Amino acid sequence: MNHVYGWLLLLPAAVFLLAFTHYPTVATLMQSFFSESTALRPSVFVGLENYELLAEDEIFWKVLNNNLWYAAGTIPTSIAIAILMAIWVNRRLPGRGLVRMAYFTPTILPMIAVANIWLFFYTPEIGLFDQIGAVFGMPSQNWLGDPDLVLGSLIVMTIWKEAGFFMIFYLAALQSLPPELEEAAHLEGAGRWYFFWRVTFPLLMPTTLFVMINAVINSFKMVDHLFILTKGGPDNASSLLLYYIFEVAFSFFDESYAATLTVVLLVLLAVIAVGQFVLMDKRIHYR
Amino acid sequence: MNDVARLTLLDRVEISAAWLLGIIWLMPLLYAFWAGFHPPEYATRLDLLAPLTLENFAEAWSQAPFARFYLNTFILVTSILIVQFILCTLAAYAFARFEFWGKDVAFVLVLVQLMIMPEVLIVENYSTMSSLNLVDTIAGIGLPYMASAFGIFLLRQTFKTIPKELEDAARIEGCSVLQILWKVYVPLARPTYLAYGLVSVSYHWNNFLWPLIITNSVETRPLTVGLAIFGAPESGVDWSVISAATLLAVAPLLVAFLLFQRQFVQSFMQAGIK
Numbered sequence: 001m002n003h004v005y006g007w008l009l010l011l012p013a014a015v016f017l018l019a020f021t022h023y024p025t026v027a028t029l030m031q032s033f034f035s036e037s038t039a040l041r042p043s044v045f046v047g048l049e050n051y052e053l054l055a056e057d058e059i060f061w062k063v064l065n066n067n068l069w070y071a072a073g074t075i076p077t078s079i080a081i082a083i084l085m086a087i088w089v090n091r092r093l094p095g096r097g098l099v100r101m102a103y104f105t106p107t108i109l110p111m112i113a114v115a116n117i118w119l120f121f122y123t124p125e126i127g128l129f130d131q132i133g134a135v136f137g138m139p140s141q142n143w144l145g146d147p148d149l150v151l152g153s154l155i156v157m158t159i160w161k162e163a164g165f166f167m168i169f170y171l172a173a174l175q176s177l178p179p180e181l182e183e184a185a186h187l188e189g190a191g192r193w194y195f196f197w198r199v200t201f202p203l204l205m206p207t208t209l210f211v212m213i214n215a216v217i218n219s220f221k222m223v224d225h226l227f228i229l230t231k232g233g234p235d236n237a238s239s240l241l242l243y244y245i246f247e248v249a250f251s252f253f254d255e256s257y258a259a260t261l262t263v264v265l266l267v268l269l270a271v272i273a274v275g276q277f278v279l280m281d282k283r284i285h286y287r
Numbered sequence: 288m289n290d291v292a293r294l295t296l297l298d299r300v301e302i303s304a305a306w307l308l309g310i311i312w313l314m315p316l317l318y319a320f321w322a323g324f325h326p327p328e329y330a331t332r333l334d335l336l337a338p339l340t341l342e343n344f345a346e347a348w349s350q351a352p353f354a355r356f357y358l359n360t361f362i363l364v365t366s367i368l369i370v371q372f373i374l375c376t377l378a379a380y381a382f383a384r385f386e387f388w389g390k391d392v393a394f395v396l397v398l399v400q401l402m403i404m405p406e407v408l409i410v411e412n413y414s415t416m417s418s419l420n421l422v423d424t425i426a427g428i429g430l431p432y433m434a435s436a437f438g439i440f441l442l443r444q445t446f447k448t449i450p451k452e453l454e455d456a457a458r459i460e461g462c463s464v465l466q467i468l469w470k471v472y473v474p475l476a477r478p479t480y481l482a483y484g485l486v487s488v489s490y491h492w493n494n495f496l497w498p499l500i501i502t503n504s505v506e507t508r509p510l511t512v513g514l515a516i517f518g519a520p521e522s523g524v525d526w527s528v529i530s531a532a533t534l535l536a537v538a539p540l541l542v543a544f545l546l547f548q549r550q551f552v553q554s555f556m557q558a559g560i561k
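Protein chains in written order, with my numbering: chain A, 1 to 287; chain B, 288 to 561.
Where hints are given, some of them may not hold.
[Said to hold, decoys possible] The calculated label-pair distances, taken between Cβ atoms and stated as ranges, are:
| hint | chain 1 | residue 1 | chain 2 | residue 2 | range |
| --- | --- | --- | --- | --- | --- |
| 1 | A | Ala-270 | B | Asp-298 | 44 to 50 Å |
| 2 | A | Gly-189 | B | Glu-452 | 48 to 54 Å |
| 3 | B | Lys-451 | A | Ala-270 | 34 to 40 Å |
[What the hints assert, rightly or not] One side of the interface only, derived from the structure: several residues of chain A facing chain B at Cβ under 7 Å:
| hint | residue |
| --- | --- |
| 4 | Leu-109 |
| 5 | Pro-110 |
| 6 | Ile-168 |
| 7 | Thr-262 |
These are calculated hints, taken from the structure and not from any lab test. In this text, all values refer to a predicted model and were calculated from it rather than measured experimentally. Each residue gets a CB set at the ideal place from its N, CA and C atoms; glycine is no exception.
In isolation and in its complexed conformation, chain A is listed as follows (with noise of 0.2 Å):
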């Protein structure tokens, strides 16, 4: 009997999740071996082709190439900025609730309205970088229509997004560490600076990677603020691999090739969650 309500439960949500995650998921494989349909030839079995496709694709190459310096530029740095923060919010500070509302407040705003003001703060001349640079005497800059500038403009508004986010989880983390530590570090007469990279940062270290984790997710699945700032120039300078995915699939609509660039994609967050799980695995201080 508990087998039929078992999956009587189960049942509607798996419907759902058979048709738009598993399904799906399967068909793009499935394409991704298979030829483009047009009006005068039907779609057929072409092997590898899309794949030889892929490999001589320098778009291909250029936009992976990028994704990876993204997540590169991005992850460091707002895990760096989480933990500063967090220590920040964690001690005595005046206008505490204030300044950890300042911190959280870019995790709530949707990536297309940051993108709006962002955009106007990358203006040339007029733009708030370039009058803060012409303060200091420096050069205006074109920080979006510069290939050498943009995808380092993108990862500077990223990290503004993202730091705070992943500073609620350290705060959580230093919120649960035993103050008897700190005390006894004190009166050992251990510096702040000492304490912090002896005993605070590798008790923390199962949060930093899962804020790791989510982090190299993000940086894979967050393309909304292309569509407004560079839609992945100059010269896809800052495409990513999900928003080439969408050019192919709906602007040249090429959903066979669309779907082996998806199959990479896949692969690499499978290869994320392999890593995790073998990670995660060997915690130590986890809980």
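Use these hints to put chain B onto chain A, whose structure you have.
Here is chain B on its own, set in the frame of chain A:
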């Protein structure tokens, strides 16, 4: 530890730095308020004597059907939330309290969605929606998110902490499976529903990519998509009006956040840590 009240120089530096970072973090929002509430000629310069105005909001409101976008987002967010609550509650109950054939495999298959979010499957889900004739409908935006692995997981964890004796007592009273769920489990899991609800509402209020793909008319577009089209550089709208429109789009969530700050932060935290 008695000298905490006395601030050393280092303390002062640190406090100033913490505040400075806070101000930097609020800058974009402060700027949006500045530009939104002042005439366009003050959009790029700070002048404390600049006159205040609501002109930009009126302008934004008249240039795009924001009332309709609000309605669409509201319908979208509430319908997703209601269906998510129902589906996730049922599935979570199954995983928490029933032994059934294939349970472990089913659970792993559910968790797959934590990694493969609907965002990643835009290509195939679009074909599914077009074969279901759901392109450009609010249902089409919401369907891929209705069963949430995350919600199932969160509720399962909570249900597992509820003492089994309560269920047994209810059964002796003659309650059916669904009655037990409704009368015992759901009320006791209220904090989890609140936390999950806040995260879900924030997520779908702000969601953009999939709604952009699946909608193509004013009647279905949510706020984020409406705002993106409105704010596109080629539309030639000035910064003040774009700032006003941006504030319009974020206002409800922002106000809710400011009012229930603690609840928001705790929900995001609980939801994240799992």
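Here is what the structure says about each hint:
1. A:Ala-270 x B:Asp-298: 44 to 50 Å: holds (48 Å)
2. A:Gly-189 x B:Glu-452: 48 to 54 Å: Distance hint for Gly-189 of chain A, Glu-452 of chain B holds at roughly 52 Å.
3. B:Lys-451 x A:Ala-270: 34 to 40 Å: At 36 Å between Cβs, range holds.
4. Leu-109: holds (6 Å)
5. Pro-110: holds (3 Å)
6. Ile-168: holds (5 Å)
7. Thr-262: holds (6 Å)
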